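Visitor: Every letter in the sequence shown is one number past the one before it in UniProt numbering, and letter 82, counting from 1, is 82.
Warning: the hint list may mix true and false statements.
As the list claims (entries may be wrong) - Across the chosen pairs, the derived CB separations fall in these ranges:
no., residue 1, residue 2, range
1, Gly217, His42, 35 to 45 Å
2, His180, Pro292, 38 to 48 Å
3, Leu286, Glu365, 31 to 41 Å
4, Met1, His180, 44 to 54 Å
5, Leu286, Gly117, 37 to 47 Å
6, Met377, Arg301, 33 to 43 Å
7, Gly217, Gly349, 28 to 38 Å
8, Gly202, Val45, 38 to 48 Å
9, Glu365, Ser303, 41 to 51 Å
10, Gly202, His180, 22 to 32 Å
To be verified - In the DSS-like style, the derived pairs of lysine-lysine whose C-alpha atoms are separated by at most 25 Å in a straight line are:
no., residue 1, residue 2
11, Lys351, Lys373
12, Lys191, Lys129
13, Lys129, Lys351
14, Lys373, Lys216
Since the hints were made in silico from the structure, they are not lab data.
Given the structure is predicted, the values throughout are model-derived calculations rather than measurements.
From the three backbone atoms N, C-alpha and C, an ideal C-beta is built for every residue, glycine too.
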Amino acid sequence: MEIEIATIGGYEEVGRQMTAVRAGDDVVIFDMGLNLSQVLIHDNVETERMHSLDLIDMGAIPDDRIMSQLEGDVQAIVPTHGHLDHIGAISKLAHRYDAPIVASPFTIELVKQQIEGEQKFGVDNDLVKMEAGETMRIGDSGNVDLEFVNVTHSIIDAINPVLHTPEGSVVYGLDKRMDHDPVIGDPIDMKRFREIGREGNGVLCYIEDCTNANKKGRTPSESVARRHLKDALYSMEDYDGGIVATTFSSHISRVTSLVEFAKDIGRQPVLLGRSMEKYSGTAERLDFVDFPDDLGMFGHRKSVDRTFKRIMNEGKENFLPVVTGHQGEPRAMLTRMARGETPYDIQDGDKVVFSARVIPEPTNEGQRYQAEKLLGMQGARIYDDIHVSGHLCQEGHYEMLDALQPQHVIPAHQNMKGFSGYVDLASNQGYTMGRDLHVTRNGNRIQLVD
């Protein structure tokens with residue numbers, strides 16, 4: 001059976017992930033993501049109203065025109081998890097393919113919301129839920145199957161999809177860390193990865209996220225970030241001024257910890273911002289988390305400002321707002337607070353807790369720097385980097401290569417500089433550039449089996 005990989009997006013940047021795998025006449029697409037930084041550098045861009053071709057030219061979504069060169073029919077579109085760099089282009093591209101979108105329950109719900117917000121295209125692909133540990137037959141050949149393996153990441157309900165073919169398995173390894181003690185959900189299923197590496201013809205190809213491939217050691221568990229966060233917030237228990245926290249809206253485990261620790265130090269937590277309300281509300285509705293009954297979630301700007309007024313009237317010392325804006329996004333809550341555009345008055349000595357790391361990309365770094373400077377000018381004290389990454393560091397990569405023992409490896413989710421650490425460690429494991437280690441770019445095709 002011919003096996004071919006099309007590296008469509010996410011092979012020259014962090015963002016707009018999209019990869020297609022052709023097994024004979026059957027094609028499976030993994031991820032359709034957005035490169036948010038390419039949107040943020042433009043003022044007042046509303047992607048919901050834009051045509052896909054304009055977004056492709058902007059570099060915001062994958063250029064999927066290479067798909068016309070693949071000889072086969074798309075049988076499934078499979079996003080690995082609910083981050084925008086993996087699902088943000090589905091509402092712009094999925095309608096071109098007569099194929100269902102297959103994802104875990106939380107991811108499917110986020111995809112559904114993306115599609116409902118779309119104003120340019122009618123996307124009516126079937127939405128199919130599949131749990132980690134389950135398998136689905138792909139196409140009509142009878143010998144290609146799709147399996148979901150549970151992984152841990154900075155968003156709940158993440159999976160790594162595996163395409164089982166007669167020539168061996170193709171494991172799509174975006175995005176994960178090896179968390180054996182997660183705050184929410186099950187640990188990463190390393191037992192299943194080791195089994196896949198030794199079943200049948202083994203692993204033909206492993207496509208791997210290289211975000212932290214230049215960092216030594218291993219990525220700590222989310223439980224480590226939880227302890228760090230607890231230590232920081234408990235140290236503020238006797239402070240009688242304002243405390244504000246920000247983290248990734250999609251990081252439900254971290255939001256859960258913030259809500260719990262706010263209660264512990266005698267403050268009423270409140271979630272503010274559109275994406276904060278979207279992700280946490282969805283997680284609660286699907287029973288992934290059980291928030292306190294009195295937890296307020298407000299996304300609309302007027303309701304957010306009303307909440308800020310209430311906080312100022314009743315006393316900042318009684319509340320802990322958890323807000324959007326950890327990357328300094330221009331329209332996010334924390335950035336508006338830093339500019340003095342909300343009723344919340346930041347005063348000298350108030351604490352701002354960044355339970356997030358700056359995404360290593362120039363736009364984010366510049367925006368975050370500006371937000372912190374503006375907060376500092378108002379007298380805010382910054383608590384920075386109370387976080388653990390959602391991506392593997394070098395020791396995790398070594399462990400995955402040992403578990404899977406793939407015949408071919410394709411680094412992804414980075415630019416050429418970001419690939420360098422992975423190239424080195426894969427070379428240490430006996431892989432050779434141009435033979436079985438394929439460093440590629442967007443828009444390329446790699447023929448693994450003729």
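Visitor: Work down the list of hints and note, for each, if the structure agrees.
Guide: Each hint, compared with the structure:
1. Gly217 with His42: 35 to 45 Å: holds, 38 Å
2. His180 with Pro292: 38 to 48 Å: About 28 Å separates the Cβ atoms of His180 and Pro292, which means 38 to 48 Å is violated.
3. Leu286 with Glu365: 31 to 41 Å: At 34 Å between Cβs, range holds.
4. Met1 with His180: 44 to 54 Å: The hinted range 44 to 54 Å is violated for Met1 and His180, with Cβ atoms some 36 Å apart.
5. Leu286 with Gly117: 37 to 47 Å: 19 Å Cβ-Cβ, so the 37 to 47 Å window is violated.
6. Met377 with Arg301: 33 to 43 Å: violated, 23 Å
7. Gly217 with Gly349: 28 to 38 Å: holds, 36 Å
8. Gly202 with Val45: 38 to 48 Å: The hint (38 to 48 Å, Cβ to Cβ) holds, given that Gly202 and Val45 are roughly 45 Å apart.
9. Glu365 with Ser303: 41 to 51 Å: Violated, since Glu365 and Ser303 (Cβ atoms, about 31 Å apart) do not stay within the stated range.
10. Gly202 with His180: 22 to 32 Å: Taking Cβ atoms as reference, Gly202 and His180 lie about 25 Å apart, which means the hint holds.
11. Lys351 with Lys373: holds, 14 Å
12. Lys191 with Lys129: holds, 23 Å
13. Lys129 with Lys351: It is violated: about 41 Å lies between the C-alpha atoms, which goes past 25 Å.
14. Lys373 with Lys216: Roughly 31 Å between the alpha carbons, so the hint for Lys373 and Lys216 is violated.
Hint violations for this structure: numbers 2, 4, 5, 6, 9, 13, 14, all remaining hints satisfied.
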